[in-house]
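For the protein sequence lines, the chains are X and Y, in the order given.
The first sequence runs contiguously to residue 235 in the working numbering.
The second sequence runs contiguously to residue 81 in the working numbering.
Possibly wrong hints are sitting among the right ones.
[Unchecked claim] Between beta-carbon pairs, the in silico distance windows are: (1) Y:F24 with X:K225: 28 to 34 angstroms; (2) X:T110 with Y:E52: 23 to 29 angstroms; (3) Y:A55 with X:F199: 32 to 38 angstroms; (4) X:E224 with Y:V51: 29 to 35 angstroms; (5) X:F169 with Y:S13: 30 to 36 angstroms; (6) Y:M45 with X:G23: 31 to 37 angstroms; (7) X:F164 with Y:S13: 29 to 35 angstroms; (8) X:R143 with Y:S13: 27 to 33 angstroms.
[Unchecked claim] Straight-line Cα separation of at most 30 angstroms, BS3-like style, residue types lysine-lysine; simulated pairs: (9) X:K74 with Y:K49; (10) X:K74 with X:K7; (11) X:K7 with X:K232; (12) X:K7 with X:K77; (13) Y:K49 with X:K225; (14) Y:K49 with X:K7; (15) Y:K49 with X:K12; (16) Y:K49 with X:K232.
Treat the hints as calculated values from the structure; they're not laboratory data.
Remember, it's a predicted structure, so these values are computed and weren't measured experimentally.
Just so it is clear, CB atoms sit at the ideal spot from N, CA and C, and this is done for glycine as well.
Residues per chain, in single letters:
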Amino acid sequence: MQPKPLALKVLDILSILLLGVSAYLALVFAPTEVVMGDVQRVFYFHIGTAWTALLGFILAAVFSVVYLVRKDLKWDRLQVAAVEVSLVFFFITIVLGSIWARPAWNTWWTWDPRLTTAAITELIYIAYFMLRQGIDDPERRARFGAVYALVGGISAPITFFAIRLFRTIHPVVIGGSNVNAEGDFSMTADMRLAFFFALFTFTVIFIDLFWNRIRLGDLQEKVEQLKLKVSM
Amino acid sequence: MLFQETTPDTSGYMIAGYAIAFIVMALYVISLILRSRNLNQDMATLKDVESSAVQIHAPSPSRTGKKPPKSATKKGRKK
Numbered sequence: 004m005q006p007k008p009l010a011l012k013v014l015d016i017l018s019i020l021l022l023g024v025s026a027y028l029a030l031v032f033a034p035t036e037v038v039m040g041d042v043q044r045v046f047y048f049h050i051g052t053a054w055t056a057l058l059g060f061i062l063a064a065v066f067s068v069v070y071l072v073r074k075d076l077k078w079d080r081l082q083v084a085a086v087e088v089s090l091v092f093f094f095i096t097i098v099l100g101s102i103w104a105r106p107a108w109n110t111w112w113t114w115d116p117r118l119t120t121a122a123i124t125e126l127i128y129i130a131y132f133m134l135r136q137g138i139d140d141p142e143r144r145a146r147f148g149a150v151y152a153l154v155g156g157i158s159a160p161i162t163f164f165a166i167r168l169f170r171t172i173h174p175v176v177i178g179g180s181n182v183n184a185e186g187d188f189s190m191t192a193d194m195r196l197a198f199f200f201a202l203f204t205f206t207v208i209f210i211d212l213f214w215n216r217i218r219l220g221d222l223q224e225k226v227e228q229l230k231l232k233v234s235m
Numbered sequence: 003m004l005f006q007e008t009t010p011d012t013s014g015y016m017i018a019g020y021a022i023a024f025i026v027m028a029l030y031v032i033s034l035i036l037r038s039r040n041l042n043q044d045m046a047t048l049k050d051v052e053s054s055a056v057q058i059h060a061p062s063p064s065r066t067g068k069k070p071p072k073s074a075t076k077k078g079r080k081k
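Isolated chain Y, as found in the complex (with noise of 0.2 angstroms):
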């Protein structure tokens, strides 16, 4: 650039890095905003999960002490 005349046409490369920048900035919202989606859905099945797990695992009736309720059936039977 020594002994130019006149200011010279690099207005590629400002259109070049200014885009550059703005999709790098775009790419990582769009990064957080889909880990943040899949951690919510992940969060949503494990809680889901959890949920179905407790009542598999709950007390059984005869375990808490109390008498389980007599089937129809056999008191029929015993009639």
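In isolation and in its complexed conformation, chain X is listed as follows (with noise of 0.2 angstroms):
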């Protein structure tokens, strides 16, 4: 595997170290929400795991798109690379929801508009590597993968959209306000930091996961096409 570059290496530590500060900023100096408690703390990291993966699961239907368009495999391991980083935070982002929800709405799980549709496209992309794994050949794995990501990446907007469209009890802290919410409250100025902090560190995170992804990607293509050549 060829080294690091340093502008990843760079990245990678730059990631942990805004990691400490967005937890810093959420659990220390964001003051306490007075009606939830402590619990409300876990939104920062919750919505900032959330605007990163359901970006991810947008631009994996991009990639497909120019894979359909131009064929090469090399849109097809950025494909994947974005959908299983945003696989993994869109899973932390429905715990922590889940978490929020016990003390806030008296239950683990409910089945409201916003919690179907992101464990409906959570499932989505987990059958997408099911998908994936069922298809020996690159190229049919590719197509397949592909129209699959583009037809997934619906479940993203609508997923976002939903709190917005539906009658739902789940609050809509950014952009607007929803009449039926439980658990709803304003961001105070501090708040507002930690929240636009945990954004920012989110979407650097992603970045270098993404980054080290597409290269453990070109790496598995290289043992492939060696394999098949060392078969010969």
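Reconstruct the complex from the two isolated chains, following the hints.
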């Protein structure tokens, strides 16, 4: 494997530092919300991971289109990297949301439109990897994966707009309000700082993990080619 | 939480949430490192196999048009 570029090494270290600062801002710097208490602090990482995950799913759909047009496997590797990192982040989003819901809604899970669309999105992308595992031919796997990721990409905006389109108890903290929401709150200036810093942090971490995953995909490709060469 | 007078102690949920978030991220990073290490090992093994295959299938001197060197024992027998 080629040695890690200096920029990626710097990004690795920066990601760790930013994660530490973001955790400090969320856990110590931001004031405690009066009604919900400390559990409200999971909101910063919940939104941070959700934002990057949904962005990653949309990116994967864009890479799918580019692959289908150009038929270059490089775009397939980018798509896989975007989906994999987003899947991990979205899992964290769902778990944090569930933990917040227990004291706020008095339940770990409810089939609210936002929670349902989020669960469906996560399952769609788990199935994406299962589909890929079942196809041996790389070209065919890439083509099927691209079409699937393109269609699956629709679930990302649906999940995002679910709380704005449907009657739901999920709070709308950014860009609007929800009269039916339970556990709604308004942010103070310090909360806003912790929030935007978390968004920035998770964007940087996403880029870092995405880059590392692309390199892993490239290495996988080289090993596959060498296997073919040796077996002939 | 209606008509509550004091802020509830929900720090346990917060700790659980952050612990899970950090553990999941750490596990993913570890999985990336392990997969990368395994692929590098595969790569090294395959390169070894490839180089040994090249040595086995290397053209013999008779095919290249050169005469094979006579062995000392044959030479001795002729004499």
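Which earlier hints turn out false for this structure, listed by number in ascending order?
-> 2, 3, 4, 8
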